[in-house]
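If you read the protein sequences in the order shown, they are chains A and B.
With numbering that gives the first Met the number 0, letter number 43 in the first sequence gets 42, and the count goes up by one each step, no holes.
With numbering that gives the first Met the number 0, letter number 8 in the second sequence gets 7, and the count goes up by one each step, no holes.
Just so you know, the hints here were simulated from the structure itself, not pulled from any lab data.
We put the CB at the ideal spot given by N, CA and C, even for glycine.
Hints are not guaranteed to be accurate.
Partner residues are not named here, just some residues of chain A that face chain B (Cβ under 10 Å, in silico) [claimed, not checked]:
1. D5
2. E21
3. H25
4. G60
5. R61
6. N71
7. G79
8. I95
9. R99
Derived pair list, reagent style DSSO-like, types lysine-lysine, alpha-carbon separation capped at 30 Å [unchecked claim]:
10. B:K93 / A:K103
11. B:K117 / B:K195
12. B:K116 / B:K195
13. B:K72 / B:K86
14. B:K72 / B:K83
15. B:K141 / B:K195
16. B:K141 / B:K116
17. A:K103 / B:K72
18. B:K83 / B:K93
19. B:K21 / B:K195
20. A:K103 / B:K195
21. A:K103 / B:K83
So the chains spell out like this:
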Amino acid sequence: MAELIDKGTWVEIHTIVLPAGERAPHDPADTQQVPLEMRVKGFLVEPASLGDEVEIITTVGRHLRGTLVEVNPAYTHQFGAPIPELLTIGGEVRAILRERGCIK
Amino acid sequence: MHQVIEMHGYKEIMSQRAEIMKQSVGIDYSQYETGVLAFDYERLLVDTGYDVDTARVIQSDTAVGNTPLIELKNITELVRAVAKPGKGARIFVKDEAANPSGSFKDRRASLSVHEAKKQNYAGVVAATSGNYGAAVASQAAKAGLRCIVVQEAFNSQGIAQPEIAEKTRACEAYGAEVIRLSVGPELFYVFLCVLKET
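So that you can see chain A by itself, here it is in the shape it has in the complex (with noise of 0.2 Å):
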């Protein structure tokens, strides 16, 4: 059986809200197919395993229901690569400041 979770822990629930194909009228054929999804996060209202259908508080004391996918979910994101192109244009700048004696 899976591990259940507390009551009042802070997870996110996921939901969908329109099906693909009942999607607005006037959305592109890839959207279309697609459903709309929904996250939302809040507090526990009883105990459950991941993937349970599940009650949630959130913070302005709404009760939303949804699937439990995730506990004390993360802010992440990262910032990529640095893009070649731009990695020069620092000098190029400087040269022309230091050709205009601003800098030295």
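Starting from the structure of chain A, add chain B where the hints point.
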């Protein structure tokens, strides 16, 4: 406030669009539409009672505005390197990042939240994936109002754009409920559903 979010059909909600907006904010926006595209923003400001001086007072109450004006000396010099003689004005920027939530969006968020508080609303809702969400969440926190931000946040693989992920974090740090959606123009539809429920 005990509610379970209830989604309605897309067409059903969108057909009630004007009515839901009118019930939520008490403003019939259609009266300011002066043509197919034009919107009389100045008349809206006059009718709602926010002239420039009033706005300035409300903004300064939450440390919004009065941001520093900074001369970009190197940029001015670089422009002069390529400008024709006699051209190349001094360049200044207004550092709007010095506003409380880090952008000029605090300016209008402070007015909206001020009005919401004046009208005794329990909270505010905004449909935005960017700085406006952080601004509304920040202002709501200062005013003691509850805040819900609806974001168009991730693609169908669940991957979020970094700038939007950062706004999710900021809004949640300010205490807002953030409804993150996959991309699509139905952001406004979910926004209307939330207004209708709350």
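Outcome of the hint check:
A cut of 10 Å between beta carbons decides the hint on D5 of chain A: the least distance to chain B is about 21 Å, and the hint is violated. Because the beta carbon of E21 of chain A sits about 7 Å from the nearest beta carbon in chain B, less than 10 Å, this interface hint is met. Checking H25 of chain A against chain B by beta carbon gives a least distance of about 7 Å; that is within 10 Å, so the hint holds. Because the beta carbon of G60 of chain A sits about 5 Å from the nearest beta carbon in chain B, less than 10 Å, this interface hint is met.
With 10 Å as the threshold, the beta carbon of R61 of chain A comes within range of chain B, its nearest partner Cβ sitting at about 6 Å, so the hint holds. Here the hint on N71 of chain A is broken, as its CB sits about 12 Å from the closest CB of chain B, past 10 Å. Satisfaction of the interface hint for G79 of chain A is found here, the shortest Cβ-Cβ separation to chain B being roughly 8 Å, below the 10 Å cut-off. At a threshold of 10 Å, the smallest CB-CB gap from I95 of chain A to chain B is about 5 Å, leaving the interface hint in force.
Nearest Cβ of chain B to the Cβ of R99 of chain A: about 6 Å, under the 10 Å cut. The hint holds. For the proposed pair K93 of chain B and K103 of chain A, the alpha carbon gap of about 28 Å is at most 30 Å, so the pair holds. About 21 Å separates the Cα atoms of K117 of chain B and K195 of chain B, which keeps this hinted pair within 30 Å; it holds. Between the alpha carbons of K116 of chain B and K195 of chain B the distance comes to roughly 19 Å, so the proposed pair stays at or under 30 Å and holds.
Between K72 of chain B and K86 of chain B, the direct Cα distance comes to roughly 15 Å. Compliance with the 30 Å bound is thereby established for this hinted pair. For the hint pairing K72 of chain B with K83 of chain B, the CA-to-CA distance comes to about 18 Å; that is within 30 Å, so the pair holds. Restraint check for K141 of chain B and K195 of chain B: satisfied, since their Cα atoms lie roughly 25 Å apart, inside the 30 Å limit. Between the alpha carbons of K141 of chain B and K116 of chain B the distance comes to roughly 11 Å, so the proposed pair stays at or under 30 Å and holds.
Only pairs whose Cα atoms come within 30 Å are accepted, and K103 of chain A paired with K72 of chain B is accepted, the gap being roughly 15 Å. Of the supplied pair hints, the one linking K83 of chain B and K93 of chain B holds, its CA atoms being roughly 26 Å apart against a limit of 30 Å. The suggested pairing of K21 of chain B with K195 of chain B holds, with an alpha-carbon distance near 11 Å, which does not exceed 30 Å. Of the pairs offered as hints, the one joining K103 of chain A and K195 of chain B is violated, with about 63 Å between alpha carbons and a cut-off of 30 Å exceeded.
For the suggested pair K103 of chain A and K83 of chain B, the alpha carbons sit about 25 Å apart, so the restraint of at most 30 Å is met.
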